[in-house]
Amino acid sequence: MVLLVIFGLVAICSAICVIAFKNPIHSALALILTFFSQAGLFIALGAHFVAAVQIIVYAGAIMVLFLFVIMLLNLGSLQDTVRQNVGAIKIFVFLLAALLVIEGITVARYVDQNGGVIKDQSLDVVIQRLKDDFKMSDEDIKSSVEKLYGEGTSISNLTSVQVIGLVHSEMGKTERIGTLLFSKFVLPFEVTSFILIAALIGVITIVNRDPQETA
Amino acid sequence: MVLSVLLFTIGVIGVLVRRNAIIIFMCIEIMLNAANLLFVAFSRELGDSSGQVIVFFVMTVAAAEVAIGLAIIVSVFKNHDTVNVDEIKSMKG
Chain U
24 MVLLVIFGLV AICSAICVIA FKNPIHSALA LILTFFSQAG LFIALGAHFV AAVQIIVYAG
84 AIMVLFLFVI MLLNLGSLQD TVRQNVGAIK IFVFLLAALL VIEGITVARY VDQNGGVIKD
144 QSLDVVIQRL KDDFKMSDED IKSSVEKLYG EGTSISNLTS VQVIGLVHSE MGKTERIGTL
204 LFSKFVLPFE VTSFILIAAL IGVITIVNRD PQETA
Chain H
104 MVLSVLLFTI GVIGVLVRRN AIIIFMCIEI MLNAANLLFV AFSRELGDSS GQVIVFFVMT
164 VAAAEVAIGL AIIVSVFKNH DTVNVDEIKS MKG
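Taken in sequence, the protein lines are chains U and H.
Under our numbering, the final residue of the first sequence carries the number 238; numbering is consecutive throughout.
Under our numbering, the final residue of the second sequence carries the number 196; numbering is consecutive throughout.
In short, the hints are calculated from the structure, not lab data.
Please note that the accuracy of each hint is not assured.
Quick list of in silico lysine to any residue cross-link-like pairs, SDA-like style, CA-CA up to 25 Å [as the list claims (entries may be wrong)]:
hint, chain 1, residue 1, chain 2, residue 2
1, H, Lys181, U, Val230
2, U, Lys207, H, Leu141
3, U, Lys113, H, Met134
4, U, Lys45, H, Leu141
5, H, Lys181, U, Ile227
6, U, Lys207, H, Ala165
7, U, Lys45, H, Ile131
8, H, Lys181, U, Met94
9, U, Lys207, H, Lys181
Take the sequences, apply the hints, and build the full model.
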């Protein structure tokens with residue numbers, strides 16, 4: 024919880040820095056800080072795999088792209104101006120924030136009431152879900168339980184808090200995410216590869232055009 | 104939840120206020136990140152890993168989008184010598 028608050032504050036401050044700095048390079052550096060604190064938030068939420076991917080993809084690949092383009096175009100010296108009609112924007116942003124907050128409260132209440140939360144589910148449902156989603160055998164579940172709560176404990180003796188802890192610790196594991204990715208989500212996974220190829224070809228085409236032809 | 108909403112709003116403000124195309128892109132990244140954060144938070148709350156897998160997909164699509172967007176910015180810069188979105192009017196004819 025403490026981690027969540029700290030990383031959250033860092034993320035918000037650096038995000039404000041991104042839009043407040045005049046120099047694009049400073050903005051890019053603040054954006055790196057935002058990405059890292061986001062990764063910290065993911066770790067605090069128990070999503071270790073997502074945190075690792077966040078650092079590799081965002082802080083690694085995407086930021087290198089950004090910095091390269093800023094350097095190539097030599098934008099460091101260009102001063103950026105702020106748009107003029109700020110009044111209308113203020114109203115719009117306020118309305119949007121209010122809408123999002125209302126939506127958030129509604130969704131959170133819905134989730135609380137309608138028992139999607141694991142603490143309300145029976146042990147059998149949780150075990151069945153572990154088996155379905157993660158293709159875990161009884162042996163796997165047993166060894167995970169013993170690893171987490173000591174030798175000789177069986178899943179039927181766990182308190183509900185301990186069951187939630189078990190599910191959370193399983194969810195963050197790369198192995199479980201991988202299983203889910205190649206079983207339930209195999210079609211989206213293939214579509215993603217297609218998108219990446221399309222992006223690659225698109226980028227090559229766009230950049231290779233002769234500027235005189237299109238100007 | 105609140106954190107994610109805040110980050111998203113900052114991203115929207117950025118898109119609206121700044122005129123440098125690259126900074127607008129960074130703000131889009133912040134918004135995508137806010138959505139990712141929400142996915143992970145709810146996946147933990149509901150005890151369902153699907154949210155984390157979807158975050159993985161969002162990141163892939165974001166990477167593709169940034170690559171294409173920056174390529175467009177580079178070619179626009181070649182043509183117009185600026186990345187200020189108010190000065191780029193050629194689409195309006």
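Results of checking the hints against the structure:
1. In summary, the hint linking H:Lys181 to U:Val230 is supported, as the alpha carbons are separated by about 10 Å, within the 25 Å threshold.
2. For the given pair, U:Lys207 sits about 21 Å from H:Leu141 by alpha-carbon distance, which is consistent with the 25 Å threshold.
3. This hinted pair checks out: U:Lys113 and H:Met134 have alpha carbons roughly 18 Å apart, not beyond 25 Å.
4. Of the supplied pair hints, the one linking U:Lys45 and H:Leu141 is violated, its CA atoms being roughly 29 Å apart against a limit of 25 Å.
5. A hinted pair counts as satisfied when its Cα atoms are at most 25 Å apart, and H:Lys181 with U:Ile227 qualifies at roughly 15 Å.
6. Proposed proximity of U:Lys207 and H:Ala165 is supported: the alpha carbons are some 22 Å apart, at most 25 Å.
7. With a CA separation close to 18 Å, the supplied pair U:Lys45 and H:Ile131 stays within the 25 Å bound.
8. Using a Cα cut-off of 25 Å, the hinted pair H:Lys181 and U:Met94 holds, with the two alpha carbons roughly 14 Å apart.
9. Pair hint U:Lys207 plus H:Lys181 does not hold up; C-alpha atoms about 44 Å apart against a cutoff of 25 Å.
This entry does not satisfy hints 4 and 9, going by the numbered hints stated previously.
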